[in-house]
Amino acid sequence: MKVLKTMIKKSFLGLSTPRLEYEKLLTNQPKPLEILPQKNAMFFLDYPFEKNITQYLKEGDPVKTGQKLSFKNGRYLISSVTGTVASIASHAGNFNHLYTAVSVAINQNENKDTQFSKLSDSPSIDTVKDYLLSVPGKLPESLFTDKAKSFDTIIVCAADSDLLITTNQYILKNNTHAVKNGIDILKEITSINNIIIIAPKFLQEEASATGAKVKCLDLTYPSALPHMIMKDVLNRIVPAQKTCEDMGVCFISAEAVASIGNAFENNQIPVTKLLNVVKKDKSNVLVSARIGTPIDTIFKSVDIKLNEKDRIIIGGPMKGCSVYSDNHPVLSDTDAIIIQDSASVSLVSDNPCTNCGECIRICPVNVPVNMLVRFLEAGLYVEACEQYDLFSCIECGLCSYVCISKIPILQYITLAKHELGRMERNESDAAEEING
Amino acid sequence: MVNEKKLIVSHAPFWHNGSSLFEKNCNIMIAALPAVLFGFTQYGIHAVGCVSICISTAIIWELLFNLISKQQISVGDCDAAVIGLLFSMLIPATTPWWAAVTGTFVAIIIGKQIYGGIGSNPFNPVLIGLAILMISWKDLFDFNEALLNYDLGFTMVYPLAALKHFGISSIESFSVGSFIAGKQIGAIGSTFGIGIIVGGIYLILRGIIRWEISVSFLAGIFITAFLFNLSDSAIYAGPLFHIFTGYTLIGAFFLATEDSSSPVNFLPMLIYGAGCGIMTVLIRNVGAYVDGVVFAILLMNLANPLIDKIRPRAMGKVN
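Chains as they are written, first to last, in the working numbering: chain A, 1 to 436; chain B, 1001 to 1319.
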């Protein structure tokens, strides 16, 4: 446990732009606090719920730990606990992104599923695709489909992309062997030889031991965001409206790679996620919990008392997302859970932009934020995109962090991107209809 | 679900560096204090009255506008107070109350609120108010006449007016040292050189104003005045004279740096500041007005949106 050192207030002398440092793994980091499953667990399938979404699974069915729960179109979830299915329902996330939520009532007599162990002797791309996509750390689906042919590089990220998070650093430091195994398996099954591991300087030794090419990062936010890694490490600029994957580069977290390694070594699908829990007093605890563990179970285990009007953040303070309920489960990519006391929640305001230029000076990709936000506030998304580089934004959130008017700039930006995406989809749907 | 606690939900990021408009404006007022207090010691109760009237009416105008236009009350961010204070620093201590009230009305309503309030004004509101007064009641800004009844123990002649009307020989009795120490007549808050510079440096160090604008403004004045002086030193005063007289210093640190009407990118800030400086000296040396700062800055405000288009290429920009 340690108290947060990162300075989050503006310093007295404000001439230089603030530097937000990534959290560095402690040299004597204690072992993660293990949180055991209790009453129930919940899993989110990234697909909207519909009536006949699964013919294999219904309420009341028993499930085993590590069992694959199959849904329509080859989609699946891995149960991290033993118990019975309590409900299958719809769940709406940010921007009304729809999920199917499967709730499992836990039976304390754990029973492990053996289906995967029969296949795990010889790793193949299909085994990974069919069983391991939702392992802790989450694997990018595209790497194991036809699209993978266009990839020439895999980046294994052992540098955590948001502040306060040390999970991937911990995995690299303490699970070097599993990361190495994972990288070897990835090399073998994808036949992509250019695998680069990105790590903070102090983990260089561990990173070299994995056998991948090592590149080190400095610990200033946002250096570990994919677009910045592309620019600083690979010297490749991702054009606006393109993704890193379009450039042939696939990003995987070190934890996901270690999960692959562990899966084939132990003949079991890993189901335990490592995550940082940041308490109200800003102390940071590393915990390990089953995927699907509700947040309230975690809070109970680390003595966090939730009050009315507190804020729960899934992920880091810059790029995470806040949730409505402490029933929300740990997902395969939940690297951190932060709780902020209602008194220390920073609120946004409806002040207009005063053109102070702080955002311009801090933006890592030179987006003219001061102009952009004026267009976004007026809902002029197309103009914002064409004239003011909306799609160059890498969504690091630094502009909102320094905004003296406390404008929710990043929210405007994500909303604009979301709306433009929706307009485009609507247009192409309409065009399809016309063309029959 | 009924017993669940209600949580605050919002979009990322969840941290803020804690800066606020209120804090910023308070800092500007703190930085202006040395110059204002010096004005009080020079011009006494008249100056106190002027400053009080300007600040209070500026706040009242903004409040009235908020109420009439049914907007959220915005006087709490202290922007109106800053406009009132800076305005009062630019007028002579003997300015009649009606002129001060009219000035703040123009500054707040016409200079700022009708464009949509803070952040939307294309021109510096203080200078809009001042320019309208200067054009409407020219005599108010004849500092020699306005301060006729004062004797502060130094040459009671407005240096820029002396230069304009009586040529270079009339300013020989002035020294740069006396200007810095505030031994010159002028507006309430614009004569105390060292006080304004200290305030300006404070604002720069706190990151509240952009040093690029102040520095290039002063450099623009220096270089232009130096070139004039070089061409004919019998007609044109030297660069230091121009830097320490009139509204130059307060313009460089408090007026040209107004956020909404100045550029934010590096090169544009330099161009804008230098442009203000060059225009100031041109107006002083060639134009009709005694002091050029007001119109120089307003002119560059006009050019600001265009200049600020010079900006670094965004990463990944596709043509």
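Everything labelled a hint here was simulated from the structure, so no lab data went into it. Do not take every clue at face value.
[To be verified] Simulated coverage check for chain A against chain B, where a stretch passes if three residues somewhere in it have a Cβ under 8 Å from a Cβ of chain B:
no., segment
1, 230-244
2, 263-271
3, 300-308
4, 338-345
5, 400-413
[What the hints assert, rightly or not] Listed next, with one range per pair, are the computed distances between beta-carbon atoms:
no., chain 1, residue 1, chain 2, residue 2, range
6, B, Val1318, A, Glu432, 19 to 27 Å
7, B, Ile1310, A, Asn235, 22 to 30 Å
8, B, Val1198, A, Asp152, 55 to 63 Å
9, B, Val1198, A, Asp218, 55 to 63 Å
10, A, Thr220, B, Val1318, 25 to 33 Å
11, A, Glu419, B, Pro1122, 27 to 35 Å
Note that CB positions come from ideal geometry on N, CA and C, so glycine has one too.
Item to complete: Please test the hint of 19 to 27 Å on the beta carbon pair from B/Val1318 and A/Glu432.
Response: About 26 Å separates the Cβ atoms of B/Val1318 and A/Glu432, which means 19 to 27 Å holds.
Fill in: Verdict on chain B covering the segment 300-308 of chain A, criterion of 3 CB contacts below 8 Å
holds (count 3)
Worksheet item: In terms of beta carbon proximity below 8 Å, does the segment 230-244 of chain A have 3 or more residues touching chain B?
Response: This one holds; 7 residues, not fewer than the three required, reach chain B with a Cβ under 8 Å.
Practice prompt. Could you see if the CB distance from A/Thr220 to B/Val1318 stays within 25 to 33 Å?
Written response: Taking Cβ atoms as reference, A/Thr220 and B/Val1318 lie about 27 Å apart, which means the hint holds.
Worksheet entry | Satisfaction of the hinted span 55 to 63 Å by the C-beta atoms belonging to B/Val1198 and A/Asp152 | This hint holds: roughly 59 Å between Cβ atoms.
Item to complete: Check the following: the C-beta atoms of B/Ile1310 and A/Asn235 are separated by a distance inside 22 to 30 Å.
Response: With Cβ atoms ~26 Å apart, the hint holds.
Worksheet entry | Range hint 55 to 63 Å (beta carbons of B/Val1198 and A/Asp218) holds or violated | violated (37 Å)
Discussion item. Is the listed coverage of the segment 338-345 of chain A by chain B valid when you require three or more residues with a beta carbon under 8 Å from a beta carbon of that chain?
Written reply: It holds, with 4 qualifying residues against the three required.
Worksheet item: Checking C-beta pairs, does the segment 263-271 of chain A have three or more residues closer than 8 Å to chain B?
Response: That given contact is violated, which follows from only 0 residues of the segment 263-271 of chain A lying within Cβ reach (below 8 Å) of chain B.
Fill in: Claimed coverage, the segment 400-413 of chain A by chain B - three or more beta carbons nearer than 8 Å
holds (count 10)
Item to complete: Return holds or violated for the Cβ distance of A/Glu419 and B/Pro1122 against the range 27 to 35 Å.
Response: With Cβ atoms ~29 Å apart, the hint holds.
Of the numbered hints stated above, those contradicted by the structure are hints 2 and 9, listed in ascending order.
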